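Protein chains: 2
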Amino acid sequence: MVTIPVVRNFLESNEEKAKELMDMFKKEGVVVLNLMSSPGAGKTSLLEKTISKLKEKWKIGVIEGDIQTTKDAERLNQHGIPTVQINTGGACHLDSGMIMSAVPEINLSLLDILFIENVGNLVCPAEFKVGEDHKVMILSVTEGEDKPSKYPLMFRESSVLIINKIDLLPYLDIDLDTIREEALKINPDLQIFPISCKTEEGLEDWYNWLQKEIVAKKR
Amino acid sequence: MVTIPVVRNFLESNEEKAKELMDMFKKEGVVVLNLMSSPGAGKTSLLEKTISKLKEKWKIGVIEGDIQTTKDAERLNQHGIPTVQINTGGACHLDSGMIMSAVPEINLSLLDILFIENVGNLVCPAEFKVGEDHKVMILSVTEGEDKPSKYPLMFRESSVLIINKIDLLPYLDIDLDTIREEALKINPDLQIFPISCKTEEGLEDWYNWLQKEIVAKKR
Chain A
1 MVTIPVVRNF LESNEEKAKE LMDMFKKEGV VVLNLMSSPG AGKTSLLEKT ISKLKEKWKI
61 GVIEGDIQTT KDAERLNQHG IPTVQINTGG ACHLDSGMIM SAVPEINLSL LDILFIENVG
121 NLVCPAEFKV GEDHKVMILS VTEGEDKPSK YPLMFRESSV LIINKIDLLP YLDIDLDTIR
181 EEALKINPDL QIFPISCKTE EGLEDWYNWL QKEIVAKKR
Chain B
1 MVTIPVVRNF LESNEEKAKE LMDMFKKEGV VVLNLMSSPG AGKTSLLEKT ISKLKEKWKI
61 GVIEGDIQTT KDAERLNQHG IPTVQINTGG ACHLDSGMIM SAVPEINLSL LDILFIENVG
121 NLVCPAEFKV GEDHKVMILS VTEGEDKPSK YPLMFRESSV LIINKIDLLP YLDIDLDTIR
181 EEALKINPDL QIFPISCKTE EGLEDWYNWL QKEIVAKKR
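Residue numbers (this note's numbering), protein chains in the order written: chain A, 1 to 219; chain B, 1 to 219.
Incorrect hints may appear among the rest.
[What the hints assert, rightly or not] List of simulated lysine to aspartate or glutamate pairs, DMTMM-like, C-alpha gap at most 25 Å:
1. A:K17 - A:E157
2. B:K27 - B:E15
3. B:K53 - B:E182
4. A:K198 - B:E182
5. A:K57 - A:E200
6. B:K198 - A:E74
7. A:K26 - A:E157
8. A:K185 - B:E74
9. B:K185 - A:E74
10. A:K71 - B:E182
11. A:K71 - B:E56
12. B:K71 - A:E74
13. A:K217 - A:E15
14. B:K49 - A:D146
[As the list claims (entries may be wrong)] Partial selection, computed: residues in chain B whose CB lies under 7 Å from chain A:
15. S38
16. T69
17. R75
18. R156
19. D175
20. G202
These aren't lab readings, by the way, just hints derived from the structure by calculation. Just so you know, these numbers come straight off a predicted model, no measurement behind them. Note that the Cβ used here is the ideal one computed from N, Cα and C, for glycine as well.
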């Protein structure tokens, strides 16, 4: 595990660097997913489940973004996969410059899939491309049904919406179908996977989607 | 209910305006609380409970910050109190300039307390003062025990930490005392109120703290 302190240069063009990163990832045939959510919606838990399930079959790497601490990277490092921690030192999102400085720490040619776990924030990360194939957002059912209309950019920019913690639905006044409808109003193309990292319900569909992406990128 | 579109001017000094606002609020003897949390932690629910309980005794106003939609302001407006909606149009936090443009829509001299409900975001709002007496943050127990160390600025800047949704604790692998300890490690002066807006457990302590603040400011 490597920790990289980041000094942000607001003048460098994020879009330009994102394009460079995309070319680099394409050349190496690595699927890159940018994972975004509110704090505590379950990004790291989903990664732990996914890595445990798929690491024998596919080569997985993670770039871990946090304002502070290396807690998430430590959790993932236990699974024996290459993990780079970026500490943004206050910045509320990852950008392409940060990913650019992390990439040399990972041997891309050895990977099938690279997860970029963004800072927990439902607003700012959606604005910054990091060379990803897809933005994947996670919403916890506890956050409520009104989040798609209140944070539309994140839902609009994402290809996949994972609705986590569905095991808590019996104890909440929240309807899964309503969340789904609200999300599709904002982005009709969203792939939606309702899951529970705790009970593992729904995870198979997510794994299948992921593996199709890996196979498609290798063609 | 009034909706104010905001164009942010990054060059104006937020601190300077916050000071002006603070003087204005002081002159009118209004307690001002800046409410912050992740999306869906329960800011609006807490306001609804608090307004229902205290509106006969104290005069309450709300400035409601959202990137988009007037949903929260509509919820609060039903309680018959003055509510101003600020739509930040993408900006991930409120700043003093936005509050400055909302204040003329509210008659401060008629108020005992003004709640400023910030954009749902555990990162950026903590950096921008808006003339408040206190920052009050809400953490949902579903967000996990590691949030104080991962988002330290918010916990450091707040005077009060409200831990919401404690009714869900029996269904989570999360310990309330651990959250409390982790929060106090970051900020030993935090006033902590564990509550459930659903069952109303713990709300009395919050109401008592609030009323003491109102009385103290009138002296």
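Do the hints match the structure? See the list:
For a cut-off of 25 Å, the pair hint linking K17 of chain A to E157 of chain A stands: about 18 Å separates their Cα positions. Among the hinted pairs, K27 of chain B with E15 of chain B is consistent with the structure: their alpha-carbon atoms are about 19 Å apart, no more than 25 Å. Of the pairs offered as hints, the one joining K53 of chain B and E182 of chain B is violated, with about 31 Å between alpha carbons and a cut-off of 25 Å exceeded. Of the pairs offered as hints, the one joining K198 of chain A and E182 of chain B holds, with about 23 Å between alpha carbons and a cut-off of 25 Å not exceeded.
Distance check on the hinted pair: K57 of chain A and E200 of chain A sit about 19 Å apart at the alpha-carbon level, within 25 Å; holds. Taking the CA atoms of K198 of chain B and E74 of chain A, the gap is near 35 Å; set against the 25 Å cutoff, the hint is violated. This hinted pair checks out: K26 of chain A and E157 of chain A have alpha carbons roughly 20 Å apart, not beyond 25 Å. Annotation: proposed proximity of K185 of chain A to E74 of chain B holds, straight-line Cα distance about 21 Å (limit 25 Å).
The suggested pairing of K185 of chain B with E74 of chain A holds, with an alpha-carbon distance near 21 Å, which does not exceed 25 Å. Proposed proximity of K71 of chain A and E182 of chain B is supported: the alpha carbons are some 14 Å apart, at most 25 Å. At roughly 47 Å between alpha-carbon atoms, K71 of chain A and E56 of chain B are farther apart than 25 Å, so this suggested pair is violated. Taking the CA atoms of K71 of chain B and E74 of chain A, the gap is near 39 Å; set against the 25 Å cutoff, the hint is violated.
For the hint pairing K217 of chain A with E15 of chain A, the CA-to-CA distance comes to about 22 Å; that is within 25 Å, so the pair holds. For the hint linking K49 of chain B to D146 of chain A, the alpha-carbon distance of about 19 Å falls within 25 Å, and the restraint holds. At about 5 Å, the closest approach between the beta carbon of S38 of chain B and any beta carbon in chain A falls short of 7 Å, and the interface hint on this residue holds. Contact between T69 of chain B and chain A, as hinted, is supported at the beta carbon level, the nearest pair being about 5 Å apart and thus within 7 Å.
Nearest Cβ of chain A to the Cβ of R75 of chain B: about 10 Å, over the 7 Å cut. The hint is violated. Violation of the interface hint for R156 of chain B is found here, the shortest Cβ-Cβ separation to chain A being roughly 11 Å, above the 7 Å cut-off. The interface hint given for D175 of chain B is violated, since its Cβ lies 14 Å from the closest Cβ of chain A, which is over the 7 Å cut-off. Contact between G202 of chain B and chain A, as hinted, is not supported at the beta carbon level, the nearest pair being about 18 Å apart and thus beyond 7 Å.
Checked against the numbered hints given earlier, the structure breaks hints 3, 6, 11, 12, 17, 18, 19 and 20 and satisfies all the rest.
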